[in-house]
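**Student:** Listed below are the residues making up each chain.
Number of protein chains: 2
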Amino acid sequence: MFSFQLLQTDGRARLGRLCTSHGEIHTPVFMPVGTQATVKGVPPRDLVDVGASILLSNTYHLYLRPGDDLIARRGGLHHFMGWNAAILTDSGGFQVFSLSEMRAVDEDGVTFKSHLDGSMHRITPEKSIHIQHNLGADIIMCFDECPPPGDREYNEIALRRTHAWAARCRDAHARAGDAANRQALFGIVQGGAFADLREQSAQFITSLDFPGYAIGGLAVGETKDVTFRVIDQMDSLLPTHKPRYLMGVGEPTDLLRAVARGVDMFDCVLPTRLARHAAAFTRDGRINLRSKSYAEDEAPIDSDCDCYTCRHFTRAYIRHLLHVGEMLGLYLMSVHNLRFLLRLMEAARTAIAERRYTAFASAWLARYEHSPNAAI
Amino acid sequence: MFSFQLLQTDGRARLGRLCTSHGEIHTPVFMPVGTQATVKGVPPRDLVDVGASILLSNTYHLYLRPGDDLIARRGGLHHFMGWNAAILTDSGGFQVFSLSEMRAVDEDGVTFKSHLDGSMHRITPEKSIHIQHNLGADIIMCFDECPPPGDREYNEIALRRTHAWAARCRDAHARAGDAANRQALFGIVQGGAFADLREQSAQFITSLDFPGYAIGGLAVGETKDVTFRVIDQMDSLLPTHKPRYLMGVGEPTDLLRAVARGVDMFDCVLPTRLARHAAAFTRDGRINLRSKSYAEDEAPIDSDCDCYTCRHFTRAYIRHLLHVGEMLGLYLMSVHNLRFLLRLMEAARTAIAERRYTAFASAWLARYEHSPNAAI
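Chains as they are written, first to last, in the numbering used here: chain A, 324 to 699; chain B, 324 to 699.
Next comes chain A alone, as it looks inside the complex (with noise of 0.2 Å):
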């Protein structure tokens, strides 16, 4: 059971609806992630009250550990983490290329060396289906490979994998009759940084007619010219009715500006990585708790924010909790850089609702980023 529906238009900015098995997702949306099926630190409970409705977890982390058979055997991802809303996962396809050792490319598909053991395994896109399966996400994602963006050779040689890999593992769902109708599988759009190249992948991977499309491949390393350009390519090629997700994107600025051009969906671990570095999100930039000059600061870390730690806690508190390297500054911190991001969706939702998106986005952008004329 999966469907979308675009509510409505304001510009390029669109507000819709995912409605899954495990319950409707307003978009745009930002999804948490729980790598390793845990968003670090903070407990389901907890990623309901800031608003999350769905999640990202990865599949490279939960095959290596605990597994994904013992995952299918605990009653899937949904029943084993506690978590009854909606999950998307990852294809492992980006881990492989990022975080193993030793791996060997083939059109068949890849192999690896665990970064926690070195064991070996391999990984085809029959197999990311399998996996995918067992883990049992309500939307689930095409095994691709991960280029760097700006290499040419190599981005030309692996789109003709993503794509021959696409069509396998969109025959290799259709297969599986009862996962393929409650869970949901998603193309996405490589090429790099390479404007061709993009369009070629689009064509493709529209063909494939899945139910949403990815754009993939900019989160790594790539300049913001080149996302923006890519993003402002990919509204005209992809299907108006379908969702767009723009993975692995995260900064409040470029959820803003990606909503602008007509993406759905986000995901990060951005909230949370940054907690972890004592950073965090306010209405004004972002600012480092970890600072002497907030020691006796009485202020929550952002006064507009409605978060748990913004309504009970002060800055001074949170310092010193970081300062000595006490766990719950974690958990505050990554309550709160989740609660900023979810409703600053919720906050764009409304603009678009309204009919009021670039006055909202412009406005929001002026002050987060100290500039009174920030582009959108």
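Simulated from the structure, these hints should not be mistaken for lab results.
Just so it is clear, CB atoms sit at the ideal spot from N, CA and C, and this is done for glycine as well.
Some hints could be false.
[Stated by the list, open to error] Not everything, but these chain B residues come out facing chain A in the computed CB check (under 7 Å):
id, residue
1, Thr361
2, Arg388
3, His643
4, Glu649
[As the list claims (entries may be wrong)] Think about it this way: if two alpha-carbon atoms lie no more than 25 Å apart in a straight line, the pair counts; the simulated BS3-like pairs of lysine-lysine are:
id, chain 1, residue 1, chain 2, residue 2
5, A, Lys615, B, Lys615
6, A, Lys436, A, Lys450
7, B, Lys450, B, Lys436
8, A, Lys436, B, Lys615
Keeping the supplied structure of chain A fixed, place chain B upon it in accordance with the hints.
**Tutor:** Chain B only, in chain A's frame:
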């Protein structure tokens, strides 16, 4: 504002009520420890959920970081850490003697080197009370010297100092009129493993007429025989109508046996420390959740338990979190272990109220210790 009412006795077990300006505390009570102004990894909201009515925080740690002056400027410890129920602070004595380096004890106080940065500090009885006034806990403790319990000569010397310091603490506290009204200063009986020194200490300390009495020096390596012999002895030496606090003891079996001997209050880092070592309390004894035997166990940690962890998560999931080193595992284990001890004290209070404490404690100990005739 402080008072204690002894509501009922059942044998030597006591049911009581402490009134503080931050709420009522039903005794017997277990106090979770928040060393650095946080119970490790557990937000105040969850401490309320597990049933905590009073926390212990450590003067030595807070004096060093963030500093008691800073906490006073921030409105005191309750406000600083966002905890609206009661707090007890220790005197710093135990940590000065166990954590710091290069200490020099004289009749007036202790000079020591911080375990954090090697800086030199001096705490006297008056200074300890001053720090505890700055922190503003509802119950504060006399500054004492904590020798190894088996060293007769050292215990004799230390006891003379502890007694002189107790009188100085009482005077320093009395001089601070306003704080003295808001904060109750408890005396501490020392004397190591020696019955005559314990008797001498109980007589002297009770002659100073404190609103409550602690039994100190029993959590530092003495045998259980000694511990319970001293507690037995205290029952007849301490006044009936004042609360009795056994410092640093948190094993569930010790709690039940000490309650049977007339103790009202306990504190210990055990629940959160065990969590960090993957150990959980269950009705059938301790288990280690890192064991592979729990990898596919669908049961909660303890099927009798009503905590957030046991209501929502399986041993299999928690084992996974601990195995891969995810912070959420520590949180879930800490919540469970805290709830386990707090619920045990709730059950003990009910049993005393219903005058069936011996039967309750016998049955509980028999199951926990796998010993049909476990002695209370």
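**Student:** Now, for every hint given, state plainly whether the structure supports it.
**Tutor:** Status of each hint after checking the structure:
1. Taken as an interface hint, Thr361 of chain B checks out: its beta carbon lies about 4 Å from the nearest beta carbon of chain A, inside 7 Å.
2. A cut of 7 Å between beta carbons decides the hint on Arg388 of chain B: the least distance to chain A is about 5 Å, and the hint holds.
3. Of the supplied interface hints, the one on His643 of chain B holds, with its beta-carbon coming within about 5 Å of a beta-carbon of chain A, less than 7 Å.
4. Annotation: interface hint on Glu649 of chain B holds; nearest CB of chain A at approximately 5 Å, less than 7 Å.
5. Simply put, Lys615 of chain A and Lys615 of chain B have alpha-carbon atoms about 44 Å apart, too far for the 25 Å limit, and the pair is violated.
6. Proximity of Lys436 of chain A to Lys450 of chain A is assessed by CA-CA distance (about 16 Å); at most 25 Å being required, the pair is judged to hold.
7. Restraint check for Lys450 of chain B and Lys436 of chain B: the C-alpha separation of about 16 Å stays at or below 25 Å, so the hint holds.
8. Between Lys436 of chain A and Lys615 of chain B the CA atoms are separated by roughly 23 Å; this keeps the pair inside 25 Å, and the hint holds.
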